[in-house]
Structures are given as structure tokens and as C-alpha cells.
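Colleague: Residue numbers (this note's numbering), protein chains in the order written: chain A, 1 to 154; chain B, 1 to 154.
These are computed hints drawn from the structure, not numbers from a lab. A hint or two may mislead.
You can't tell identical chains apart in this list, so a pair holds if it fits in one copy or across any two.
Derived lysine to aspartate or glutamate pairs resembling DMTMM-like cross-links, with alpha carbons at most 25 Å apart [to be verified]:
{"hint": "1", "residue 1": "Lys120", "residue 2": "Glu4"}
{"hint": "2", "residue 1": "Lys120", "residue 2": "Asp91"}
{"hint": "3", "residue 1": "Lys120", "residue 2": "Asp89"}
{"hint": "4", "residue 1": "Lys115", "residue 2": "Glu4"}
{"hint": "5", "residue 1": "Lys115", "residue 2": "Glu95"}
{"hint": "6", "residue 1": "Lys120", "residue 2": "Asp106"}
{"hint": "7", "residue 1": "Lys120", "residue 2": "Glu10"}
{"hint": "8", "residue 1": "Lys115", "residue 2": "Asp97"}
{"hint": "9", "residue 1": "Lys115", "residue 2": "Glu10"}
{"hint": "10", "residue 1": "Lys115", "residue 2": "Glu75"}
Since we're looking at a predicted model, the values are computed, not measured.
Number of protein chains: 2
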Amino acid sequence: MTAESARALETYLHTHIPLSAAMQVAVVSAAAEAVTLAAPLAPNINHRSTAFGGSVSTLAILSAWSLVNLRLNAEGLHSRLVIQSNHMDYDAPIESDFTATATLADPAAWPLFIKMLQRKGRARIVVQSRVRCGAVTGGRFEGEFVAFRLDGAT
Amino acid sequence: MTAESARALETYLHTHIPLSAAMQVAVVSAAAEAVTLAAPLAPNINHRSTAFGGSVSTLAILSAWSLVNLRLNAEGLHSRLVIQSNHMDYDAPIESDFTATATLADPAAWPLFIKMLQRKGRARIVVQSRVRCGAVTGGRFEGEFVAFRLDGAT
């Protein structure tokens, strides 16, 4: 993915998901293997001067959604992508700017996911995201997403 | 809890957790049995014109944190409250303003939680929160929080 398309993803997120703009989310890198988003501490701080759990969880959700959406677009599949459930562990306090890096829980599951989406119009995939602050892992996210194939203009 | 103290909680959240201000979180009611927070759709919308999962999850976290914090304050315990993990199910799309109502997963566990906090300086409690949009349950949250007793000024 080029720097231009990373900027396009950032613009898309800020335009369509205002919370991402309030959090000042930036796209660090975006490729089929991994998407990394960043957020500064200031707009995401809590009463203890560390990153607020809601912001940590939200950055992870955004990274995971962006990864699957980017891969679906690369397949040329017009679909709607919805989060169904997620689990989040908050491993350590985050004391400055932080990132979330999303990867597929099982990259080998992708071809079946695409086959199911094409055949059944609906498929499910699990995405992980690791939230880091420098060398520290601040949180670990796992979320289940469902894609619905959209035929024609919606 | 009086309307005045509900307003105090709202001011506290907006002042110390800027994301809650960006989400325009309001305190509907706050009592030892349950805390209900509300958020309008507009600042929490996603690319599909429904509530963004990050906002849904964040409102639930805020309601759960507020409940335990309110109960700890009522016990006169000076403590730090940290989210350790959470699970969130997104049951249905949320198409307008929404609320999150937090309750203890097991109210009978509270006395032991307080005893542990006093004796060991650290204790763990599970909080649930239900996210509703009108009559529709949009999401169900369960989170584990850890309280650390603070002795003296911190």
C-alpha cells in the first residue's frame, strides 16, 4: 500500500467515523499482512493520565476493521463488514502515544472466508490486534467480524 | 444519587476523559444498583450510519467504571480502579441515540470485594453493561476491574 492510500484510509476513517477524528487516529501502515494505526495520548487520556481503556479498545477495533476491509477491497468484493464480538485484555498502563497492529488470527482461513462470502453471501473471520506503547504491550484484542456480500448498488 | 451528583459525574467524565466529551456522554442515572449513561448517534456514527462499535464498547466501559467508582466512593475507600479485560457482543445495529446500563454481575460478591480490598489492598470485580437503543439490545458487555487501595495522598 502506498503512502497515498494510507492517507486515503485515514481520510475515510476521519470522515465516516467521527470518533476516529476525535481520537486523532493516524494510519502508520496498511497492507494485507497488517494494518497499524496510531493515536496520541492527549485526546485519549484518562483520569490517571494513562490511555483510557475505551480508546485502547477503539483503536484496536479500527485497526482490525481496516485490515479486513482493505483485504476485501483488494479482492474486488463489495461487502458490508460488521463486528460481532470482541475480547480485550488490558495488559499494562499506556503512558504515551500508542499503536494498534491488526493481523488475521489465522491467515490460512482467508481463502475459505472469501469462498463462503461468495457462495453464501456471508462469512466470518477472526482478527487480532496488539496495542503497543514503545516496547510495551498495553493490550491484546481479538474480534470476530462478519462480512455480508452486497450485490449491486447499496 | 441526586440530579446534582449525576451532573458531577458527567462533569468528572468530560473533564478527565476527553473521549467521553467527544462522544457527548450524558449521565442518565447513577445509583449503587445501576449506572445508566447515554450517547447521541451523531458523534458516534460509523460508515453505515449506525453506532460505531468503538463507541458502543466505550459507553459500556464508562458505565461499568462509573458504577464501581461510585460504590467505592460510597464506602469511603480511596482507590484506583483499572479495567483488566472485557468481552463485548454486538447484538444488533444501533440506529439512533443509545444507552449503557451497568450492574454488578453478582451483587453478592461486593462484600468480599471490599473485604479483599481492605485486607490485601487489591481486589477484582466483574461488571456487566447492557447497551440499548429504545427497546432493542444493541450490545452486551462484561468487564473485569481491579481496584487498588490507595493509602494517603496520591
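Colleague: Going through the earlier hints one by one, which of them does the structure break, listed in rising order?
Modeller: Those not satisfied are hints 1, 4, 5, 7, 8, 9.
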